[in-house]
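S.K.: Full structure from sequences and hints, please.
In my numbering, the protein residues as written are 1245 to 1385.
Source of the hints: derived by calculation from the structure; they are not laboratory data.
Source: prediction; values computed, not measured.
Glycine included, C-beta positions come from ideal geometry on N, C-alpha and C.
Worth double-checking, as some hints may not be accurate.
SDA-like mimics (lysine to any residue), calculated; alpha carbons at most 20 Å apart, straight line [what the hints assert, rightly or not]:
(1) 1298 - 1383
(2) 1360 - 1268
(3) 1328 - 1381
(4) 1328 - 1292
(5) 1360 - 1348
(6) 1296 - 1262
(7) 1298 - 1384
(8) 1328 - 1294
(9) 1328 - 1378
(10) 1328 - 1380
(11) 1328 - 1372
(12) 1360 - 1299
(13) 1328 - 1318
(14) 1328 - 1299
(15) 1298 - 1308
(16) 1360 - 1279
(17) 1296 - 1378
(18) 1296 - 1333
(19) 1328 - 1360
(20) 1298 - 1360
(21) 1328 - 1265
(22) 1360 - 1267
(23) 1328 - 1373
(24) 1328 - 1369
(25) 1360 - 1262
Simulated restraints, written as ranges between beta carbons of each label pair [claimed, not checked]:
(26) 1286 - 1327: 31 to 37 Å
(27) 1353 - 1246: 28 to 34 Å
(28) 1296 - 1356: 34 to 40 Å
(29) 1246 - 1348: 52 to 58 Å
(30) 1299 - 1352: 18 to 24 Å
(31) 1353 - 1297: 23 to 29 Å
(32) 1298 - 1358: 24 to 30 Å
(33) 1296 - 1349: 36 to 42 Å
(34) 1247 - 1384: 23 to 29 Å
(35) 1283 - 1323: 20 to 26 Å
(36) 1327 - 1354: 19 to 25 Å
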Amino acid sequence: MARKVLQLELELEQSVIGISSALRPWQVAYHINQHCGFDLRRDDDLELLLGKQKTHSCFQKFSFVLLEAESILYLVANAGSEGKLVPELGNSFDYFLLFDEIPGISTTQELLRQLKSAQVFTLVMPVEVNEKLRSMQHLVF
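M.R.: As structure tokens, then:
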């Protein structure tokens, strides 16, 4: 029997900011809430099958619904129970902040300034998501 393969071209429409920090996920969410005026709350874990062995891995996820913009802001841990969400960036970032549009914040640079003002994060910078990023599909949910 012939085998057919369905190939989808996924496009991440959200902006992504990578955050490095030794803090636990709930502490990162707390500091983001304090410095940016959000209300990130723990959400169901993001569950994925990773690698060739299809190992089941869970990643902590926080979300905040932005009613004015009709979008959702996500904070996702890069380290899961059995691997990295985005292994290509595994040594650079511990967390990813995904967002579309945030009312009251006109540019990504303004959000970066607010996050850097927390002074508890080692590194805060935008992540360029393109076709070179092999595990981009892990950030589409």
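S.K.: What hint numbers does the structure not satisfy?
M.R.: Violated hints: 6, 12, 15, 19, 20, 26, 27, 30, 31, 32, 36; rest satisfied.
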